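Trainee: Residue numbers (this note's numbering), protein chains in the order written: chain A, 798 to 1123; chain B, 90 to 520.
FYI, nobody ran anything at the bench for these hints, they're computed from the structure.
None of the values given here were measured: they were computed from a predicted structure.
Fair warning: there could be bad hints in the mix.
Part of the chain B face toward chain A, derived, beta carbon under 8 Å [unchecked claim]:
1. L342
2. E418
3. L497
Even glycine gets a Cβ: it sits at the ideal position worked out from N, Cα and C.
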Amino acid sequence: MTHEGATGPVAPTLTAVVTRRDERRVAPRPVGTGWRQRLEIVMFVSPALALMAVFVLWPVISAVRMSFYRWKGFGPMDQWVGLDNYRLVLQDEVFTDAVMHNFTIVVLSILIQLPLGLGLALLLNRRIRGRGLLRTIVFVPYVVAEVIAGVVWFQLLQPQYGVIDTVLTNIGITPPEQGFLGTPELALPTVFVVLTWKYLGLAVLLFLAGLQGVPDELYEAAQLDGASWWQTQRSVAIPLIGPTIRTWAFLSIIGSLQQFDMIWVLTHGGPANRTTTMATYLVEQGTERGNYGIAGAASVLLFVIAFVTAVAYQVVVMRRDTAVQR
Amino acid sequence: MRSKTRRAALAALCAGALTLTAAACGSDDDSSEDGSGTTITWWHNSNNEPGMGYYEKVAKDFEADNPGVNIEIQAMAHEDMVSKLAAGFQSGDIPDVYMERGGGELADHVEAGMVRDISDAASEEIEKIGGSVAGWQVDGKTYALPFSLGVVGFWYNTELFEQAGITAPPTTLTELGDVVAQLEDAGIDPISVGAGDKWPAAHYWYYTALRECSEEVLTDAVTSLDFSDPCFVKAGEDVETILGWEPFNPGFLTTPAQEGATSASGLLATGKVAMEMQGHWEPGVMQGLTDDGKGLGDKTGWFPFPAVDGGAGDPAAALGGGDAWAVSEEAPDEAVEFVKYLLSDEVQIGFAENSMGLPTNSAASDSVADPALAGLLEVRDAAPYVQLYFDTAFGTSVGGAMNDEIALLFAGEASPEDVVEATQAAADQES
Chain A
798 MTHEGATGPV APTLTAVVTR RDERRVAPRP VGTGWRQRLE IVMFVSPALA
848 LMAVFVLWPV ISAVRMSFYR WKGFGPMDQW VGLDNYRLVL QDEVFTDAVM
898 HNFTIVVLSI LIQLPLGLGL ALLLNRRIRG RGLLRTIVFV PYVVAEVIAG
948 VVWFQLLQPQ YGVIDTVLTN IGITPPEQGF LGTPELALPT VFVVLTWKYL
998 GLAVLLFLAG LQGVPDELYE AAQLDGASWW QTQRSVAIPL IGPTIRTWAF
1048 LSIIGSLQQF DMIWVLTHGG PANRTTTMAT YLVEQGTERG NYGIAGAASV
1098 LLFVIAFVTA VAYQVVVMRR DTAVQR
Chain B
90 MRSKTRRAAL AALCAGALTL TAAACGSDDD SSEDGSGTTI TWWHNSNNEP
140 GMGYYEKVAK DFEADNPGVN IEIQAMAHED MVSKLAAGFQ SGDIPDVYME
190 RGGGELADHV EAGMVRDISD AASEEIEKIG GSVAGWQVDG KTYALPFSLG
240 VVGFWYNTEL FEQAGITAPP TTLTELGDVV AQLEDAGIDP ISVGAGDKWP
290 AAHYWYYTAL RECSEEVLTD AVTSLDFSDP CFVKAGEDVE TILGWEPFNP
340 GFLTTPAQEG ATSASGLLAT GKVAMEMQGH WEPGVMQGLT DDGKGLGDKT
390 GWFPFPAVDG GAGDPAAALG GGDAWAVSEE APDEAVEFVK YLLSDEVQIG
440 FAENSMGLPT NSAASDSVAD PALAGLLEVR DAAPYVQLYF DTAFGTSVGG
490 AMNDEIALLF AGEASPEDVV EATQAAADQE S
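Same shape as in the complex, but just chain A (with noise of 0.2 Å):
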């Protein structure tokens, strides 16, 4: 093979010979192709790409602009304030109490609905009555429109006058005075409660599906190992279902740090700005104050800490995953 003399004196022995044989399954390439093979792939590839450029590159670049300017929203855009914006923003108490609330929300994502979303996965694995409706009542809340749902949630939790209020006087329990959107120490808790309640139902599907990936050879061979039930899980299921954990914490960090629909209706951000997210600090100095630059810093700010998490944690915990599939 042509690669030999490349591949030898890099890798010696055993895994020169495994080398050898994956690339013996591997088509040989005929010479001389190459260019038009990347002909090939700029063809397909282009309209995407032309799409991104329109609907992605072009927004950040636009926004990393308007970073640089004091800018009111319209009129030209020529008042050019340098890294002030982005000073600005992380002297702001409100900024950088929203990058807490952020990862608040991401912390807390993870210490409870990775447990309670492992559990309804392992749970509505077995074979019990109901399944297929209790996955379907799970689930739908993460189907439900996210605004559609804060809608309902904040008319449940009107103080006084909502459904849960109610129920809690008429049990005997004072609920909170300012209700628990008002009360600045309960507002961020029951905000999390309703993403909980919200998004709980994506992790059990995917953690239901990593595990309809188990063989029952496992589960049988453990069986007549002398295992229970929660020595299964525990030693097989879900160390096997690990790659589709680590997925979903990914996804769960992302959306956590991006998140502002939820809070934007419950609570605005408010009260005393205990709920606040970089999504929600932007948009109220952007659309709400006029303060573009600032709210392009504040994006641009957002960006690099959503992407600095996500490489860190690509590095840190993913790299295993794709490690074990090559």
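Dock chain B against chain A, hints included.
Mentor: Frame of chain A, contents of chain B only:
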């Protein structure tokens, strides 16, 4: 194969015929009148009856008097209109005739070259309206004609006041405290406030500032953006006094101003609270929030913000603002004519009769049908001056920062000094 092409040809023919007839119809209409075929787009926020129907009639009348002019109306809820306008300004695509709230916002729009200077074209109307037009002038030029100018005050439920044994509305802050206590004793939630939207809460601070600060200090602050006078801190302290009575509806920190039955206006409209401090639009909003479309009906009462003992401000000064019709820079000239028509005696009288607001054309003053609005008009005309809402006057950036901090004051998380500091900090960024 053949039948397919034939069918396609037939379809094309039909379509062609349709366009032809449509075009024929269109040109018929235009040419029979006198030709120009101008379309004016108009956005307004009277999306409930009778206002919506009245404006349709007004547009029809104008179309009849001005052949060839076609007015395209879009009536929407106030909040929707505001956000749609903001988007419009961003993309540079605004309707020909739209609402301006004056102050810093208008100044920004003017600076961006998007609003038409109508000082000369509408000089007659401007003179007729008088001093009220000041809020819509930038550097001595007029950019919009205010058609409704209201003042903020307390709207109350006369029945609930009676129930609590309150005989006369309060005239001082101390009396207001007594009224709150009386209502609480009667088991009635005294006041609703939509602090979730921030500005309704901020109005309390604006009003106490109006009572604590002299007119000179305020006028100076609006232009110089200097808030060092101690009266601004005192304003915050007065708000703290009010908050100390715990007069507000449960959950007021996240209560929206006017969306739905559990909003601040909804609570007043449905008899769940006794009063709310709101602008002149409140009866209309309440009508939209009740099933029978009547709001509080004949139980509606109104009293002005009470005097504050020892304040340097005039106790008769009012906080208010209004809406004005502006014409976009790119609108056809007919749009200016239409705006002038909207301010005519005829239209303003109808506007008053339908209780759509507080007319600025004095010819319509006597036509205000709603007794509560008529009382409000008296207060407005008797006021030595009407201070434009601070957030409007200062523009969205400073106003937003100010409202934010006042909302924190309501949540007990900011001091009166913080409010002044935050406002000053935002103002310093502007210059």
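Trainee: Against each hint, give a clear statement of whether it holds in the structure.
Mentor: Evaluation of the provided hints:
no. : hint : verdict
1   : L342 : holds (4 Å)
2   : E418 : violated (12 Å)
3   : L497 : holds (5 Å)
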